[in-house]
Amino acid sequence: MAGAIITTKGQITLPQEIRDYLNLDTGSKVDFIIDENGIVKLIPLNVSIKNLSGILHKKGMMSATLEDMEQTISEGASDWT
Numbered sequence: 012m013a014g015a016i017i018t019t020k021g022q023i024t025l026p027q028e029i030r031d032y033l034n035l036d037t038g039s040k041v042d043f044i045i046d047e048n049g050i051v052k053l054i055p056l057n058v059s060i061k062n063l064s065g066i067l068h069k070k071g072m073m074s075a076t077l078e079d080m081e082q083t084i085s086e087g088a089s090d091w092t
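Going by the working numbering, the first residue of the sequence shown is number 12, and it counts up by one from there.
Among these hints, one or two may not hold up.
To be verified - Have a look at the derived ranges for each label pair, beta carbon to beta carbon:
{"hint": "1", "residue 1": "12", "residue 2": "44", "range": "16 to 22 Å"}
{"hint": "2", "residue 1": "71", "residue 2": "22", "range": "41 to 47 Å"}
{"hint": "3", "residue 1": "68", "residue 2": "15", "range": "34 to 40 Å"}
The set of hints was computed from the structure by calculation and includes no laboratory data. Ideal Cβ positions, reconstructed from N, Cα and C, are used throughout, including at glycine.
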């Protein structure tokens with residue numbers, strides 16, 4: 012477990028192992044979330060599109076075809092015209 016000390020300005024320096032694990036560099040943005048158990052979570056906001064691949068997939072869910080996606084886009088676009 013990595014730790015940090017809070018300065019008089021309320022700042023902390025994230026330990027190198029945490030920065031490396033989350034791929035954070037100077038200027039990287041993060042969010043803090045308090046979950047239902049009172050645990051504070053650090054969420055990196057520098058996630059690449061590649062890392063998001065498959066996060067919405069649920070077991071048993073069928074993948075949409077390109078034709079399905081184009082049809083949905085066309086239907087949505089017609090609502091705006």
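Hint check results:
1. Our hint of 16 to 22 Å for residue 12 and residue 44 holds, since their Cβ atoms are close to 19 Å apart.
2. Range check, residue 71 to residue 22: about 46 Å between beta-carbon atoms, so the 41 to 47 Å window is met.
3. For residue 68 and residue 15, the hinted distance range of 34 to 40 Å is satisfied, since their beta carbons lie about 35 Å from each other.
In this structure, every one of the numbered hints holds.
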